[in-house]
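> Sequence:
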Amino acid sequence: MIEVSIDKLILIYFGVTFTFVGLLWGLFYLQKGKAEKILVKNQVKHCEFCHFRYLIDLRKNLTRCPECGLLNDERK
1 MIEVSIDKLI LIYFGVTFTF VGLLWGLFYL QKGKAEKILV KNQVKHCEFC
51 HFRYLIDLRK NLTRCPECGL LNDERK
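Using UniProt numbering, you'd call the opening residue of the sequence shown number 1 and step up by one each time.
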């Protein structure tokens, strides 16, 4: 049988636990970043006239800028 002191056993336990939690945090952090980039790419419109950024409804082809009221073409 392998003899391990209690100090080394506690150190191994915390090392494995912190490594596991760190990996889980890293995976969730990367997935969150991808989701935010997709959200920003698909739902944020830049007004062609006043350069105001606003969220859009993806079902509409034309959106109205809430700042200046100009109609912006969604396909651009």
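Each hint should be verified, as a subset may be incorrect.
Claimed, not checked - No farther apart than 30 Å at their CA atoms in a straight line, the calculated lysine-lysine pairs in the DSS-like style are these:
1) K45 - K32
2) K32 - K8
3) K45 - K60
Said to hold, decoys possible - Taking CB as the label site, the calculated pair distances span:
4) I12 - R53: 48 to 54 Å
5) L70 - W25: 23 to 29 Å
6) G15 - D73: 35 to 41 Å
7) R59 - I10: 56 to 62 Å
8) F14 - N61: 28 to 34 Å
9) G69 - K32: 45 to 51 Å
10) V44 - L11: 30 to 36 Å
11) G69 - Q31: 58 to 64 Å
12) K8 - D57: 42 to 48 Å
13) T17 - F49: 52 to 58 Å
14) F49 - L27: 23 to 29 Å
15) L11 - L58: 51 to 57 Å
16) E48 - T17: 30 to 36 Å
Keep in mind that the hints were calculated from the coordinates and are not lab data. Each residue gets a CB set at the ideal place from its N, CA and C atoms; glycine is no exception.
> So which of those numbered hints doesn't the model satisfy?
2, 5, 6, 8, 9, 10, 11, 12, 14, 16
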